[in-house]
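Novice: Residues -18 to -1, 1 to 139 in mature numbering (1 follows the signal peptide of the UniProt record, and there is no 0) are what the sequence shown spells out, letter by letter.
Treat the hints as calculated values from the structure; they're not laboratory data. Quick caveat, the model's predicted, so the values are computed rather than measured. Heads up, some of the hints might be wrong.
[Claimed, not checked] Using 25 Å as the maximum straight-line C-alpha spacing, the simulated SDA-like pairs for lysine to any residue come out as follows:
1. Lys20 to Thr95
2. Lys93 to Phe24
3. Lys93 to Glu80
4. Lys20 to Thr135
[Claimed, not checked] Pair ranges (Cβ atoms, derived):
5. Thr7 to Ser118: 12 to 20 Å
6. Gln125 to Asp22: 17 to 25 Å
7. Gln76 to Thr109: 31 to 39 Å
8. Ser118 to Asn52: 30 to 38 Å
9. Asn15 to Thr78: 14 to 22 Å
Glycine included, C-beta positions come from ideal geometry on N, C-alpha and C.
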Amino acid sequence: MKKILSLLVLLAVFTSCEEDVKFNTPAVQALKNNELWKADNFTATVGPNGLTVEATFGFETVVLKTAGVNPNGTYNLGVNNSSVASYTLDVDSQLTEEYRTGANMGSGQIKLTPADTDFAAGYVTGTFYFRAVSESGEEVYFQNGVFYRVPVTGTLE
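Could you build the full structure based on these sequences and the hints that come with them?
Specialist: Laid out in structure tokens, this is it:
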């Protein structure tokens, strides 16, 4: 009886040590109005006018645009129309809610992370946060945003 009990204890110990590790690479996620927003599809495009990261989750789309592609770059939002962020919600085929930053509208920052950005290898990493405004004056907030090793298409030429 003691052997069976010992065997059951050992079996319980070994089965409880199981780890289900899930890696989230690449990824785009943030807190949208203090709730987790995690993209299920994302792309990055680099060209002569800068970097564009587009991430979608269902009917929601976040677009981050920078005026340059400096891996050490920090791009402030709400200052001009060169570096901007937008959030779009397609409610249905007739109704779309759009929030954006721009010249003297909204605020925020996009910052590229040089340690994990390699345009030649084809990926970009960075952080972001922004407050975007709709035409009716409503606001949406994205905080603690991260885009990690998002695949890049396009060229720096």
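Novice: For each hint given before, does the structure comply? Return the numbers of the non-compliant ones in rising order.
Specialist: 5
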